[in-house]
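Listed below, chain by chain, are the residues.
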Amino acid sequence: MFSVVESVALLGLRGDLVRVEVSLTRGLPAFVIVGLPDTSVREARERVRAAVVAAGFQWPQRRIVVNLAPAGVPKSGSWFDLPIALGILTAAGVFTADLCEGYLVVGELALSGSTASVPGVLSAAICARREGRQGLLVPEDNVAEAASVPGGKAVPVGTLTDLASGLPSPATVSSVPAPPIASSLPDMGDVAGQEFAKFGLQVAAAGGHHCLLLGEPGSGKTMLARRLPRLLPLLDENERLEASAVHSLAGELSGGLLYARPFRSPHHSVSAAALVGGSGVGGGGRRVRPGELSLAHNGVLFLDELGEFPASVLNMLREPLESGEVRIARFGVNVVLPARVWFVGAANPCPCGYDGSATAACICDMGALRRYQSRLGGPLRDRIDLTIPVTPVSPGQLLAFRSAPLSDQMAKDVAAARERQLERNGGILNAALGEAELERYAPLSEEASVLLRLCARRWSSRGLVSARKVARTIADLDGARDVTRQHMREAVAFRRCPGEDERFGARGGA
Amino acid sequence: MSETGDGLHHLYRDRSESGESTETRTGLDHKIGHGRNRAAQNSRDTVYAEQKAADQVRNTGMSDSRSSACSAPKDLLQEDSCRWLYLASCTRLPFQVLGRLHQVCPDALQAVSLLHASAPAVSSFVREADRKAVRRVLHSQEWDALPLTLPQGVTLTRAGHVDFPASLRPVEDWPPVLTVAGRIPSGTAVAIVGMRKASPHGKDFAWRLGAALARQGLIVVSGLAFGIDAAAHEGVLAAGGKGVAIMAGGLSRITPRSHFRLARRLVEGGGALVSHLLPDTVPYGWRFPIRNRLIAGLADAVVVVEAAETGGALSTARHARDLGREVLAVPGFPDDGHAIGVNQLLRDGAGLCCGPKDVMEVLGIRMREKVRVQHKMRMPVLQPGESFLPECSAIGEGAGLAPEWAFVLDQVYYRPDSLESVAMRSNCSVREVLGILIELEALGQVVFPSPATVQRLHGAP
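Here the protein sequences come in this chain order: P and G. The numbering of the first sequence is the numbering used here, which starts it at 2 and goes up by one. The numbering of the second sequence is the numbering used here, which starts it at 619 and goes up by one.
Just chain G, same shape as in the assembly (with noise of 0.2 Å):
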């Protein structure tokens, strides 16, 4: 019996009796620490349920053949990749712990005992709150309970296999085991991380550079975080790209959950959502940073595009640069509250990215074709004979502006701006000057970000 046991872990115990597989879960919110009321619980369940059913779809049909390199049975490593899975989630065990601890003694089982009895194998780089943490996970029931079983679709990969990520080296500094949904894309991986509350310029921006690099055949990684994170794994998808999102939960708890469709159409596109703890850990605060460490290391390099004083693009950043990766930063005007962040990164020496080509020149790679930051690829979506401008002969690429329009646009500026003073600077009455921001805004030229404000979106014509 767990020593911690409360009055809700037994709650819990009479729904696992009824066939479902809630053993781990229940365990694992328990042994986290943090009560959940029943309600709560039966609402998760049903995204559960929900995601479960996603799984059947995205079924990718990868199995642990491949661990058959190892010579013990599929269902032993299985239960041992579970054990190593735990130990990650339930315990507060840093990366270089358990990648060592690995590296020591690949049995889990093995390994928990050296460190509660602090072998000197171990005792060089294991701490003593560690041990404790470890002695609570062994007289957990859920312990004895492992393994479970992985939601569908939810694959299982560990350090030494062919499919574990190739740059997470050296292997002793990383987590052994991952979960996968869907598979990790091999190849030169950049991560594009930034905030949350991006600016619709930036985020713009986000969404090009993703695609921008997706087209030059990199894998691009980010957090499926709202704002910056989500804009860039919509680049990659719009241009066919493979994506990776590192999630900070279990791949049963993708959050923000309005991104869980984003999630499935990373893994329909190719690409995988990654986590290093089991499918049913609950994204607490404290993990999104451990997870942007993961996000370092997954990348070659880290471009960061906004950010603002403190948060976890600047986390991402300084992992990065711990980890030796490139980091760059997309420079941005300097009363702008979205760029603070990054031009602090800069000021500390990351690298200059104003596009998809300076990404490429850091990593070394040639471009592909020459392809400068996409301006097109955004509305509006014409139907064929239609012209949007009657004043204007075509559509496209070198349509001009009506002269009132263009020097209207002229007066917007790259931040957020009044109407009346973009009226004032445009000499004329808001009423007019609306009129036409809300053809420029059909033609995406310019955005509103609040009812009252409006901004200018690309950089060239």
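Excised from the complex, chain P in its bound form (with noise of 0.2 Å):
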């Protein structure tokens, strides 16, 4: 009359072992969950009960208590169904009590007794592995993402009948080649011209810094962050569960884990919480759903036209772009969701967008462009390693372009220094340098630092530091040993702000 299956309780990506307890006692037939539940598990009650009924099983008439132990931790979502009805067969006798011995048990399960697929399952898979199950029992559906850890087993269900024979076999993960992905994305040798900034997205990439690329509109800035992806390393084992584990936790994984880096380009329409993260959609607000952030995490976050993003908005950005998590409090518990990306931002110098343009004249007011440029600049711009400017192309030069592959040279040097960078800094990449390991790992040169000590003046003491994380970049690229004054001079020019003039100070001001 009692009986114990295990599942997982998710907090952010985080899966925690629940065991899911049924009691079957004498007393008025009644059906109650406690252990915290929420409204999306509390609702399973009658998803389990018709199930269990449309599976041609006999409903036990009993007084029937659910307990998701540990009864302190907040549970929701709704894949407590299948262990609910899996306690239930097994207290009432139906099932044997070691059927799902060993397993992690998740799932959804429709009316007709079907079981369907939920978010989040390679969250619970790897909470299986740390755990030393065996694997998951787990809905059809979600049976390539639960196998996809490796080392774990994936039994899938497709309705509560299949368990009356005993435990189905574990899906065979095949092992299926990755896809060719570098070929499938846009080659940076398609974009005429601009030299400059794609020196900029190579060192962006080799480095893992943010950018942000100002130019005339038509000048090819969304074309050129495209193509950042290309440039970057394929994901490492590690990199692809984390990846893929919050896609899974946003019910956006089809199939096995990702292979090719996240490109998430939000329109400038998000808000806060859909860029950061914040309340899931139906988990009745305790779930958390990662945001675009997280959801690039080891890949690209591509913001076009964000001077036309809100500013508090873009605020959020602040902390996890330098931090590479996001923290979100929530019904009081920190739920922390990962945000190593690659930041790409896209603007126009101006409303207009032809501020100091060589070709057109601007014709915003100065109060139009000095909001605009203290949306841009401020503290998220200090955050922001490169700018990257990118400069109409002549129509001749157009016409006459022919594109040649470029990325995958491109690529190899990326690869290249960021071997460099991994066995000189133990491992993290030169953006996330602090200032004592650059001091270390990225000494300047006499003249070097002449230069930086001229140029940077007007910059915050982060600036200062950017620059240098930039030059080291500059250096590894060119398979220096020394950052040298060339190397600081690009990263200087990679650090200038529009219209930034030492003596009128920002643009036409005093």
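Just so you know, these hints were derived from the structure itself, not from any lab. Yeah, the Cβ is synthetic: ideal placement off N, Cα and C, and Gly gets one too. Mixed in with the good hints there might be a few duds.
Listing some non-contacts, in silico: residues in chain P with all C-beta distances to chain G over 10 Å [said to hold, decoys possible]:
#1 R20
#2 G73
#3 G133
#4 A165
#5 S166
#6 P169
#7 G190
#8 S272
#9 S324
#10 G378
#11 E424
#12 L452
#13 L455
#14 R482
#15 R490
Label-pair ranges, simulated between beta-carbon atoms [said to hold, decoys possible]:
#16 S1047/G <-> R482/P: 37 to 43 Å
#17 H757/G <-> G368/P: 35 to 41 Å
#18 G368/P <-> R984/G: 39 to 45 Å
#19 E927/G <-> E253/P: 50 to 56 Å
Each chain sits in its own coordinate frame; assemble them with the hints.
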């Protein structure tokens, strides 16, 4: 009259073991779920009952108490349907007690008794591996996801009746060869001219730097940004798992793990919660849904028309861009979602787009210009290591242009530079270096520091540090051991802000 | 009670009863007919308080002792001056009407009743609209509440007094009372005006011209606006000269706000801020052309550095021509948007200004010493023993650039040009060129108006 089935409760990306205890006692027939269930869990009562009956089993006319232990941790989501149903049927003696011994069970039930897919299965699979369990019992649709964690088994459950004749055999992971990702991504060679911008993106790719593409409308900012993923190295095993787990949590993972690095480009109407993460859809408010920032984890977050994003939304990005994670405080618990991204912004230099242009006159009035630049500037800008100027290409150059593959060579250089950094810095990229580490790994030559001292008088200390990091990455791309003046020049070129003039202050002002 | 009293007015009433001297201000905002919400009012109060504090710092100690030349007691005179300021601020009476009215009858109360009654003495120059405007004044509460207390450091100067600007002649063409922060320096004055959205090159020229003229002992007048105006003021200050800024609103409402510090430095440097309005008058857009006439009036010559097809600088030039002041314009390249206005001025007969010498010549003043437009005023600021160019032997005058740097510099135009085209002309990659341009920027030879464009700065190397 008592049974235990193990399942998982999610808190952000982290899954924790939950024991679903079912007790059938004498008394008036009732069905109670305790252990801090939220609405989506409590609704399991109706689904489980209907599914059990529809699958042809007899509903026990007892007082049924389901306890989700540990009882103090809030539970949410619909995936407790399957473990609860299993627990009840086991307690009623329909299934043997050792049916799913060593497995964690997750899954939603339809009223017909068949299972339905749930988000976040990958986190559950990672939890199973961590807790030393054999694997997962999951809805059929989630089986590819659950089986993709190395060493874990995934048992597909189509309907409750499947289990009547014992445990189905675990799905075998079909070792699908990685699809040829690189060749499907757009090539840098399609872009005419823009040498310096291409170089800037290469630096960003190599050192893990955030960057901002600035240029007139139609100068090719978006085209360039979309070609960044091809410069990035392939996901390694760990990165794949992390990135996939975020997608799984958002319910955006179809089939197995991600192969390509994520590339997210939300529209500028995105809300703050959708960008950095927040309450989930249909999760009763408790479930945390990862935002675009986390979905871009280990990949690229591209914000086109950065100047059009509301300042309140952009300011949300400040800490995550620096720390590589998002902390969301909900119902008294801190949820940490990973957010290590290549941030790429694209913006016009002013609202009309032609400020400082060589070809067209800017028609913005001073007020609009200053408002725009103050939105783009400031704290967020300070965290962006590279400001990449994008110049419009002349029609003559465009017409004479023939595209030739370029990305593969660039990606090779990036990979080599990355290798050098990881070896020297002890496994971290230049963008993540602290000040003390910079001193150690990127000492400046005398002439480089003279240049930096001259150029950096108006910069914040963060700006100074970021110029040094970028210079280090440029040196790594060159294969140089030390940071020379030439490297520093280019780093300074990437640090400059538009309209900055020593003597007149910010543009036009004094 | 005011005829046009509305809800906002009552909202402000309780504030003035709390002891603060907002009486006049609320009246003004109200009178000018632009309703304001309370939040805006509060934020302006903060600025007001800030400026008050600053005023204490800059208090020049100038008093109305000079006015003892007149027989009226001091506070009566102050009251009368305030009334004149009020007339200038809250009616749209033109300068000439104000000036002539004052000429006919120096007592504001009497002058208004004359005007109101269409007395024969004033009917020759007063229009019906003016009379209507004045009728509103007579019925307003604020008129009765005058005089107001001026912010500390702000003084009044009145036509006929020694410190009333001598260049405002004939007196009957100008508003009879000005408010001044600091002290208007006496001497020959030159106005430097131009676009707000100036090019780096234009701002640089204005700065150097301001500095050079200040070094010649001239007073530089401008409007404290963004761009050319601010650059000229900055140049004057850098040369230790005296600058005068004419405000479009009252002296408690310095615009743009970000130039408040610049304004304070002007006063501290022996210059002045001048307005013909009550301190709390809001500088609405339509007040700027009126201000421009005052700029032209206070100067002996007006130099327009950069101007688009239309704009404030051209209106200043027009006023200057009306007033018989010298007008000079700095020529520009024909296809440069910053030069359309100045080139038009030149075509219309303005004098050519290529440097301080031209200005001095026009004014008939001999140059004190041989001063060219200075090129070495700006950075770099090198530490002793710090050589910026490893390739060069010496820094400063006569120091040559490395050949390849000089070559790249020659490929940079004096107007914004894309990095790519500079690279193409220099026959090397953008990366290489940009490296050199960064060094040249640090040397003050080029600037980057936007991230993707570059522009050369100085004339002579």
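Would you list, in rising numerical order, the hints stated earlier that this structure does not obey?
-> 12, 13, 15, 16
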